[in-house]
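Colleague: Required output: the full structure, derived from the provided sequences and hints.
Chains as they are written, first to last, in numbering that gives the first Met the number 0: chain A, 0 to 439; chain B, 0 to 269; chain C, 0 to 461.
Check the hints yourself; a few may be wrong.
[As the list claims (entries may be wrong)] Label-pair distances were calculated between CB atoms; the ranges are:
#1 C/T303 / A/E196: 38 to 46 Å
#2 A/G284 / C/S114: 23 to 31 Å
#3 C/S211 / B/N160: 53 to 61 Å
#4 A/E196 / C/S211: 52 to 60 Å
#5 C/I62 / A/G284: 16 to 24 Å
[Stated by the list, open to error] If you want a taste of the chain B side facing chain A, the calculated C-beta under 10 Å gives, among others:
#6 V98
#7 Q99
#8 R103
#9 G130
#10 S144
#11 S145
#12 R147
#13 I180
#14 N183
#15 E185
These aren't lab readings, by the way, just hints derived from the structure by calculation.
As the structure is a prediction and not an experimental result, all values here were calculated from the model.
Where a beta carbon is used, it is the ideal one built from N, C-alpha and C, also for glycine.
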Amino acid sequence: MSNTSNGASAYQPPPADVTRAKVSAGLARRYRAEARFRALGLSATLLGILFVIFLFGSVIWRGYSIFGQHQVRLDVFFDPEVIDPSGTHSREALLAADYQALVRAALKSRFTEVEGRRQVRDLTALVSTGAAADVQDAVLADPSLIGQRRSMWVLTSSNVDWLLKGKVARSAPENERRISDEQLGWLDALIKDGRIEQRFNWTFFRHGDSRDPELAGVGGALAGSLLTLFVTLLLSFPVGVAAAIYLEEFARQNRITDLIEVNINNLAAVPSIVFGLLGLSMFIGFFGMPRSAPLVGGVVLTLLTLPTIIIASRAALKAVPPSIREAALGMGASRVQTVAHHVLPLAMPGMLTGAIIGMARALGESAPLLMIGMVAFIVDIPQGLTDPSTVLPVQVFLWSDSPERAFVERTSGAIIVLLLFLILMNATAVVLRNRFEKRW
Amino acid sequence: MNDSIPQAGPETVGNVRVPEPVFSCTDVNVHYGDKHAIKNVNIDIARQEVLAMIGPSGCGKSTFLRCLNRMNDTIPSARVTGRIALDGNDIHDKRQDVVQLRARVGMVFQKPNPFPKSIYENVAYGPRIHGLAADRAELDDIVGSSLRRAGLWDEVKDRLNQPGTSLSGGQQQRLCIARTIAVNPEVILMDEPCSALDPIATAKIEDLIDELRESYAICIVTHSMQQAARVSQRTAYFHLGDLVEVGETNKIFTNPRAKLTEDYITGRFG
Amino acid sequence: MNPSLVILLLLALVVVAFQVGKARSIEIVGGARGVRDLHSLPGHYGLLTAMWCGLPALAVFCIWMLAQDAIITHFALSSIPSAVAHLSPAERSLLLNDLHNIVNGRIDPATVAESTRIAAASYQSLRETAHLALAVLIAVIALLGLLYVRRRIRADLRARNSYEQVVEWALFACSGIAVLTTIGIVLSIVFEAVRFFQLIPITDFLFGLHWSPQMAIRADQVGSSGAFGAVPLFTGTLLISAIAMVVAAPIGLLSAIYLAEYADRRARSVIKPLLEVLAGVPTVVYGFFAALTVGPILRSVGETIGLNVASESALAAGLIMGVMIIPFVSSLADDMITAVPQSLRDGAYALGATRSETIKQVVLRAALPGIVGGLLLAVSRAIGETMIVVMAAGLAANLTANPFEAVTTVTVQIVTLLVGDQEFDSPKTLAAFALGLVLFLVTLVLNVIALYVVRKYREQYE
Chain A
0 MSNTSNGASA YQPPPADVTR AKVSAGLARR YRAEARFRAL GLSATLLGIL FVIFLFGSVI
60 WRGYSIFGQH QVRLDVFFDP EVIDPSGTHS REALLAADYQ ALVRAALKSR FTEVEGRRQV
120 RDLTALVSTG AAADVQDAVL ADPSLIGQRR SMWVLTSSNV DWLLKGKVAR SAPENERRIS
180 DEQLGWLDAL IKDGRIEQRF NWTFFRHGDS RDPELAGVGG ALAGSLLTLF VTLLLSFPVG
240 VAAAIYLEEF ARQNRITDLI EVNINNLAAV PSIVFGLLGL SMFIGFFGMP RSAPLVGGVV
300 LTLLTLPTII IASRAALKAV PPSIREAALG MGASRVQTVA HHVLPLAMPG MLTGAIIGMA
360 RALGESAPLL MIGMVAFIVD IPQGLTDPST VLPVQVFLWS DSPERAFVER TSGAIIVLLL
420 FLILMNATAV VLRNRFEKRW
Chain B
0 MNDSIPQAGP ETVGNVRVPE PVFSCTDVNV HYGDKHAIKN VNIDIARQEV LAMIGPSGCG
60 KSTFLRCLNR MNDTIPSARV TGRIALDGND IHDKRQDVVQ LRARVGMVFQ KPNPFPKSIY
120 ENVAYGPRIH GLAADRAELD DIVGSSLRRA GLWDEVKDRL NQPGTSLSGG QQQRLCIART
180 IAVNPEVILM DEPCSALDPI ATAKIEDLID ELRESYAICI VTHSMQQAAR VSQRTAYFHL
240 GDLVEVGETN KIFTNPRAKL TEDYITGRFG
Chain C
0 MNPSLVILLL LALVVVAFQV GKARSIEIVG GARGVRDLHS LPGHYGLLTA MWCGLPALAV
60 FCIWMLAQDA IITHFALSSI PSAVAHLSPA ERSLLLNDLH NIVNGRIDPA TVAESTRIAA
120 ASYQSLRETA HLALAVLIAV IALLGLLYVR RRIRADLRAR NSYEQVVEWA LFACSGIAVL
180 TTIGIVLSIV FEAVRFFQLI PITDFLFGLH WSPQMAIRAD QVGSSGAFGA VPLFTGTLLI
240 SAIAMVVAAP IGLLSAIYLA EYADRRARSV IKPLLEVLAG VPTVVYGFFA ALTVGPILRS
300 VGETIGLNVA SESALAAGLI MGVMIIPFVS SLADDMITAV PQSLRDGAYA LGATRSETIK
360 QVVLRAALPG IVGGLLLAVS RAIGETMIVV MAAGLAANLT ANPFEAVTTV TVQIVTLLVG
420 DQEFDSPKTL AAFALGLVLF LVTLVLNVIA LYVVRKYREQ YE
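Modeller: Right, dumping it as structure tokens:
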């Protein structure tokens with residue numbers, strides 16, 4: 000640049016047509032660069048969309064079949080000899096009976112040629128182990144069934160379901176199919192009888208976890224998620240809104256306020272697993288709260304979502320024009336009255352939107368819940384806030400680790416359920432925002 | 000006003016045409032969505048002269064200015080019709096390249112908008128993208144001479160590497176002028192270039208405009224009648240999208256022929 | 000009398016107090032006509048009375064509930080002195096566990112030792128007495144509060160101001176929870192981490208090249224030094240985060256540019272929410288996707304071109320983590336790009352710059368600090384992300400920079416060390432907190448820098 004100062008004074012701009020020619024010379028090259036850059040941007044965007052489609056497509060493709068499940072119709076004879084030889088109909092006796100024998104008998108009555116322990120075992124393996132429980136439930140609900148013959152729909156085993164859904168080819172080798180040729184023959188006979196049907200899979204929504212894929216469901220995890228979210232919403236919404244109101248409407252600009260703001264912004268970016276460590280050592284270790292409980296999960300998720308809700312609520316409060324506050328204050332309303340009567344109602348839709356989005360985030364969160372033990376194998380559906388339970392995303396995590404191939408379908412199914420809930424929540428938030436969003 | 004057929008405004012008073020114009024505009028109309036912002040404007044811009052555009056705010060003078068280098072292209076809702084010829088070629092012609100057009104017709108904005116780069120890079124940016132300098136030495140020459148002609152050289156020669164935003168408002172605006180000159184344009188459009196500046200900085204810019212007139216056609220929008228009187232040879236008065244009167248500056252200010260012009264100049268509104 | 004009943008009782012008293020306060024204020028000015036002589040509305044007197052009635056009692060209730068268990072347990076154990084005298088800490092905690100399970104009806108009393116049953120019975124009877132005492136205490140405090148305010152109610156008592164002062168303090172307390180959370184995080188992590196560093200020297204942890212916490216448990220007596228070298232974890236985390244950023248930064252940035260500068264409004268309104276869907280997908284879904292779909296695909300692709308790709312490769316986890324971060328980068332970049340004033344773009348266009356020249360040399364240049372801040376936040380997210388790596392990256396603590404090999408990360412190890420049965424004081428458990436401390440500090444520093452940069456940037460164009 001040193002030579003700019005000397006000799007530069009002699010520089011005279013070239014005539015216009017020289018400049019024009021120079022500009023024209025570069026045009027083609029520059030427009031090519033322009034097109035390249037634009038194509039680059041477009042392909043990045045398309046790539047992003049492609050990921051969305053691929054992700055959802057792969058989950059749905061693997062999981063849509065979960066909503067149906069093959070069942071078999073058995074003619075069960077409620078044999079008094081097996082169920083209640085003493086004839087007392089006492090509850091203890093009914094609970095202790097061998098219902099598996101009834102299922103076995105029902106199958107054998109159809110395939111009279113079956114003999115020997117191995118064949119009988121293979122035959123009963125077509126039906127889920129849950130069938131005996133279904134028979135028991137029927138008897139307990141109506142003891143007068145004893146001595147009668149009823150036709151009942153019971154679940155097929157997961158291997159049968161897997162085969163009938165076409166997830167494995169009939170022509171596949173036996174060990175890959177996990178159904179022997181003999182079993183396949185029986186199965187075809189049952190199909191020919193019209194005894195096998197694909198029906199809506201209520202089991203999946205009603206049951207808790209199970210070692211048997213066909214009996215495992217998201218019911219327990221769903222209940223756990225709802226209980227946890229209930230606690231989270233109950234705590235985080237009022238506290239978050241209150242904090243936002245304080246910071247936006249009351250706080251004076253001082254070091255304490257600065258400290259709080261810096262803290263909130265930082266907490267919003269702290270890895271969620273750190274909140275799990277806090278929950279484990281503080282709530283469970285120090286305060287002695289129960290492990291695996293929705294109560295603790297809810298509290299941890301509250302701390303996790305609080306920054307999100309505070310930030311969203313503050314934005315909603317900021318959107319209320321100052322003129323409304325001035326009008327109320329000018330009427331002689333106190334600051335608390337101004338906020339409670341005027342600002343808060345106007346900001347409420349925005350705050351609710353923020354809360355729903357925060358809840359959606361909490362619903363999908365799993366890492367901190369692993370830390371506080373909500374990762375157990377839980378068969379019973381939790382009934383209260385301190386019952387051991389798990390949540391949907393953690394159920395996904397648990398199943399995804401399972402070696403049973405039928406659990407892949409369950410996992411994807413659970414993801415579909417989870418995504419449906421998330422879509423529902425986000426759609427609600429969008430509707431709420433569009434419906435109530437006011438522009439001043 | 001949402002009529003798409005151009006409404007014939009009142010006939011412009013004064014002589015709109017000049018011999019050998021650099022710009023010649025015929026029946027220019029601009030719509031912003033439903034708003035008819037410029038109505039049937041006819042005007043020529045001569046070489047080596049300063050044309051001032053005055054008028055009350057919202058009269059369309061800035062909009063018209065932005066038509067001349069197609070800056071309105073960046074506003075999706077804007078629609079420009081009519082013929083604007085630069086050296087006899089329509090700038091809306093398909094063969095007319097907008098990049099080349101803007102290289103020939105530079106623009107200085109209301110608020111100084113130096114790039115977030117060094118002073119040197121700000122001036123060098125235009126020559127660089129257009130490939131005007133064959134080597135670094137020539138680029139240095141272009142930057143140096145542009146800064147000199149913008150009257151900024153002595154103030155910045157020792158700190159060419161500092162960011163352009165570190166300069167004062169008036170210096171920033173002269174930097175933007177230097178940036179425009181560096182591309183060696185034929186016309187310079189100025190959109191209220193002094194409205195964000197203090198009187199001393201304004202005086203410097205006005206002196207600069209007077210010098211630049213030697214080499215370029217300059218078209219300046221201003222809200223200050225005094226400024227128009229000081230720097231321009233011809234003045235055009237816009238009112239609600241109409242071009243009301245065009246004429247030699249001293250005549251317009253001493254003896255306006257249109258009633259609206261007279262009302263404006265005598266301060267009935269503005 | 001169980002605690003929720005006590006709360007109900009208190010609520011009832013609060014409602015009564017509100018009515019009493021309101022009625023008293025009206026009575027004092029001689030009926031509804033005199034209300035204008037009151038300083039505040041009758042309702043404010045009611046609220047003030049209700050607050051005096053409820054808040055002190057609530058505070059006592061909370062303190063009581065926090066302390067109750069420890070005190071009662073102490074007394075319950077002292078009812079079986081012979082059985083607890085010689086217990087080791089671990090056995091003691093087992094006993095306490097049984098005790099609580101019996102008391103809460105989770106296990107059958109018949110399954111535990113005689114002494115535990117006695118302690119449980121003693122615990123239960125003590126607890127009943129305690130709850131009754133609590134109910135009485137709460138009622139007394141609430142009534143005292145009520146009567147105190149009722150006596151003070153006069154026409155010129157500034158009830159509204161006092162009430163609003165309390166409201167303001169309550170709001171302040173709510174916003175203070177953020178600070179308390181941070182303190183809680185720091186305390187809980189630092190305490191455990193310090194205990195870990197008493198067992199394992201901090202230098203071994205930070206600079207050791209070998210990570211094998213499972214060994215440490217078995218070889219306790221031999222000494223576990225050397226098995227807690229966290230360097231492979233740090234490099235693994237960095238490797239996966241780097242892969243994620245290589246995916247997310249260009250795609251996120253370019254799509255943000257495309258949407259902000261090129262796409263028309265219609266396309267933008269469709270594409271933007273579609274991309275934001277990626278941000279709403281739970282990370283466990285990404286983990287599943289990475290482990291079950293992307294991992295095998297990469298493996299088979301690797302096989303066809305003769306590369307040995309581990310089924311739990313860093314690449315699969317990093318790629319999918321990158322996809323997860325795309326919308327994060329994209330929306331931050333979008334904010335930063337739209338914050339660049341139009342006048343700068345106009346300046347470049349007026350010089351004859353093409354759109355891409357304007358974007359690359361002016362807009363991005365101006366938005367650079369903001370974008371760098373956003374990318375730092377994204378890196379912090381990648382480092383702290385847990386589920387994807389837990390499901391897709393595996394446990395092998397390899398010290399490698401090869402993306403086709405399996406690596407493990409800090410978060411994976413935290414989860415592995417803490418999930419499942421655990422003893423609270425083993426170095427294995429404590430190591431998780433030491434890792435947590437590192438994770439917290441690193442992300443904290445990144446966040447603080449990033450937030451500062453972004454804020455400075457925003458201020459510049461406001």
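Colleague: Against this structure, judge whether each hint is valid.
Modeller: To see whether the hints hold, each was checked on the structure:
1. C/T303 / A/E196: 38 to 46 Å: 43 Å, holds
2. A/G284 / C/S114: 23 to 31 Å: The hint (23 to 31 Å, Cβ to Cβ) holds, given that A/G284 and C/S114 are roughly 26 Å apart.
3. C/S211 / B/N160: 53 to 61 Å: 54 Å, holds
4. A/E196 / C/S211: 52 to 60 Å: 53 Å, holds
5. C/I62 / A/G284: 16 to 24 Å: The hint (16 to 24 Å, Cβ to Cβ) holds, given that C/I62 and A/G284 are roughly 20 Å apart.
6. V98: Cβ of B/V98 sits 6 Å from chain A, so the hint holds.
7. Q99: Result: holds, 5 Å to nearest chain A Cβ.
8. R103: 7 Å, holds
9. G130: 4 Å, holds
10. S144: 4 Å, holds
11. S145: 9 Å, holds
12. R147: 7 Å, holds
13. I180: 8 Å, holds
14. N183: 4 Å, holds
15. E185: 5 Å, holds
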